[in-house]
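Novice: Protein chains in written order, with the numbering used here: chain A, 1 to 320; chain B, 1 to 320.
Honestly, I wouldn't trust all of these hints.
Copies of the same chain are indistinguishable here, so a pair counts whether it falls within one copy or spans any two.
As the list claims (entries may be wrong) - Derived lysine-lysine pairs resembling DSS-like cross-links, with alpha carbons at most 30 Å apart:
hint: 1; residue 1: LYS40; residue 2: LYS143
hint: 2; residue 1: LYS311; residue 2: LYS255
hint: 3; residue 1: LYS102; residue 2: LYS291
hint: 4; residue 1: LYS42; residue 2: LYS105
hint: 5; residue 1: LYS15; residue 2: LYS286
hint: 6; residue 1: LYS44; residue 2: LYS257
hint: 7; residue 1: LYS33; residue 2: LYS202
hint: 8; residue 1: LYS101; residue 2: LYS143
hint: 9; residue 1: LYS143; residue 2: LYS42
hint: 10; residue 1: LYS40; residue 2: LYS257
hint: 11; residue 1: LYS105; residue 2: LYS143
hint: 12; residue 1: LYS257; residue 2: LYS105
hint: 13; residue 1: LYS40; residue 2: LYS105
hint: 14; residue 1: LYS40; residue 2: LYS287
Derived by calculation from the structure, the hints in this document are not laboratory data.
There are 2 protein chains.
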Amino acid sequence: MINSPKYIYNDALLKLEEEVDRVLSSSPPLIQKYTSHLGKTKGKMIRAKALLACAMNEDSLIDKDAVYLGAAVELIHLATLVHDDVMDNADTRRGEESLQKKFGKRTAVICGDYLLCEALMMASLMENKENKVRDTIPDYMSKVCLGELRQHVNNWNFNLTVLEYLRTIQGKTAGLFEASFYGGALLMAPDVPLSVIKEYAKLGRYIGMIFQLTDDCMDYEATENQALKPVKSDYEQGVVTLPLIHALAEVPHLKEKALKGMVDEETLDRIVLSSGGIKRTRQLAKKYFDKSILILDKLSLTEEKKALLSKLLSKSYREF
Amino acid sequence: MINSPKYIYNDALLKLEEEVDRVLSSSPPLIQKYTSHLGKTKGKMIRAKALLACAMNEDSLIDKDAVYLGAAVELIHLATLVHDDVMDNADTRRGEESLQKKFGKRTAVICGDYLLCEALMMASLMENKENKVRDTIPDYMSKVCLGELRQHVNNWNFNLTVLEYLRTIQGKTAGLFEASFYGGALLMAPDVPLSVIKEYAKLGRYIGMIFQLTDDCMDYEATENQALKPVKSDYEQGVVTLPLIHALAEVPHLKEKALKGMVDEETLDRIVLSSGGIKRTRQLAKKYFDKSILILDKLSLTEEKKALLSKLLSKSYREF
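Bound conformation, chain A alone (with noise of 0.2 Å):
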């Protein structure tokens, strides 16, 4: 590995957000209106401050390659979300109309095939060119396809299981922060141990886990603060998760009602609430927060990076 600057976690996470806003901004003029307006609702980028804090060496710094492949995830995560935006035909989002409505869907089509090459290429400016970490990406990337595929193709499909909803949200959600935490884990040293490596993708499955269930729950629990609640809820959608199946399994009759579109947005909150479907989800997120907690105090880190990773399974836990 030849010597490339590395950075305080700071340092790198401004880099890494400059790296982000320099291709939504440089880009060319007839899809810059789209990326531009991605540069100001892109949110937290907790995918991309994972990637940085796992690849955190011993002396708390981060090699440079590292922004430029947590740059790459980030731009992956928002090429899904534009691709997401385009599938659900969605007219609105978040109470804002949506950006496929807004600019045409044709544009919407082309700008997230443009951020997965814009991608790829941020991911090839890393100098040190791990193999395994190139090599590894396009795996993920294709993993996190078909968890979406998955996902869009069950939607309104009120017979899903326990088990084919995790595998879906395993994929997708997941699967990027599985990749995000198994990169950062390979950048952290040259000569990082395998089974180390393996750990950290762990960790991040079981964060990217508490993540979507934690966010499938408020989906449901929102009802009392309407002017948080999406406009367009999972279930006005099609998107059957965890909280409605056990619902379903829990409710004589749901189904029947639910199909028919006979059951209203309001009653249905209530009754996820009332069957135990959000206990039972946050119970399971609970498991694997606990299970999170075991790797970290296994893992040897220092105390800035464990510091940095508590925070952000906590933050999947429940701020979300």
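Starting from the known structure of chain A, arrange chain B on it as the hints suggest.
Specialist: Using the frame of chain A, we list chain B on its own:
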């Protein structure tokens, strides 16, 4: 360069088809119908054949890596076809129900993403992993995506200039041809001079231009044989191509009439033909043809290689 297996042209082509078929037939159940349909209609694989021909060494043998890279190029081509379908929102294509209509827009978006991912995985199978080749793939992919975008943004733009049109097809169709020739030339031997590789790339770009210009002419010429005419022509889909651009410049008031939808398909075909729009487009294709011949003569090629590349050139010029 380590010694990887080498094949004669026909065997390499057979292996390449096997690789593409393997990806299409081993796709996950959810998109299997989509990809198996693509397998049946995948066409003449002209880009892959070009790559193999360019990769042929002085002993008329082709490195195994060219098989993987050629298969990757074909998969990228298929991915752009699938996403094209979504962007056009077409219900039919060449007389048959379009795949996005048949299997749904969601599946189509993901199927395209999946094929892009599989293309990258295919490219990562290359054993020698010439950095130059691998680093160039994302670059070319971005170029092709942008050309695609430009085309779609320019639909119904009857003010499109010749230059803008040429830039679009140079990015889109010619971009993937150029990548095929470039990649093939790089894999010919471990020590190909950059000047030679650049000549191959230029030849690829020219052949791509001929291919697209001829295709554009045929869309207007096919009237006489309605059986060959795609159900939705370029004009009906709002695609503005060179024969039409020339006709618009020659014929007064055609632009206003076309914009108002006052020109029917058959009349337009006649006008484009009689105004010299097709003749001038064919003349431009001829220019690229002559330039290509000059390059073919300049490159020192074995007899077999020259025959293959000449055949590709003449096919692009008339048979499509």
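Novice: Work down the list of hints and note, for each, if the structure agrees.
Specialist: The hints, checked one at a time:
1. LYS40 to LYS143: For LYS40 and LYS143, the Cα distance is within 30 Å both inside one copy (28 Å) and across copies (25 Å).
2. LYS311 to LYS255: The answer is neither: 39 Å in one copy and 62 Å across copies each exceed 30 Å.
3. LYS102 to LYS291: Classified as neither; 43 Å inside a copy, 44 Å across copies.
4. LYS42 to LYS105: Cα proximity of LYS42 and LYS105: in one copy and across copies (20 Å, 25 Å).
5. LYS15 to LYS286: For LYS15 and LYS286, the Cα distance exceeds 30 Å both inside one copy (34 Å) and across copies (50 Å).
6. LYS44 to LYS257: neither (38 Å within a copy, 51 Å between copies)
7. LYS33 to LYS202: Result: close neither inside a copy nor across copies, 38 Å intra and 33 Å inter.
8. LYS101 to LYS143: Classified as both: same-chain Cα gap 28 Å, cross-chain 25 Å, threshold 30 Å.
9. LYS143 to LYS42: both (22 Å within a copy, 24 Å between copies)
10. LYS40 to LYS257: neither (40 Å within a copy, 42 Å between copies)
11. LYS105 to LYS143: both (24 Å within a copy, 20 Å between copies)
12. LYS257 to LYS105: between (33 Å within a copy, 27 Å between copies)
13. LYS40 to LYS105: both (20 Å within a copy, 28 Å between copies)
14. LYS40 to LYS287: neither (35 Å within a copy, 47 Å between copies)
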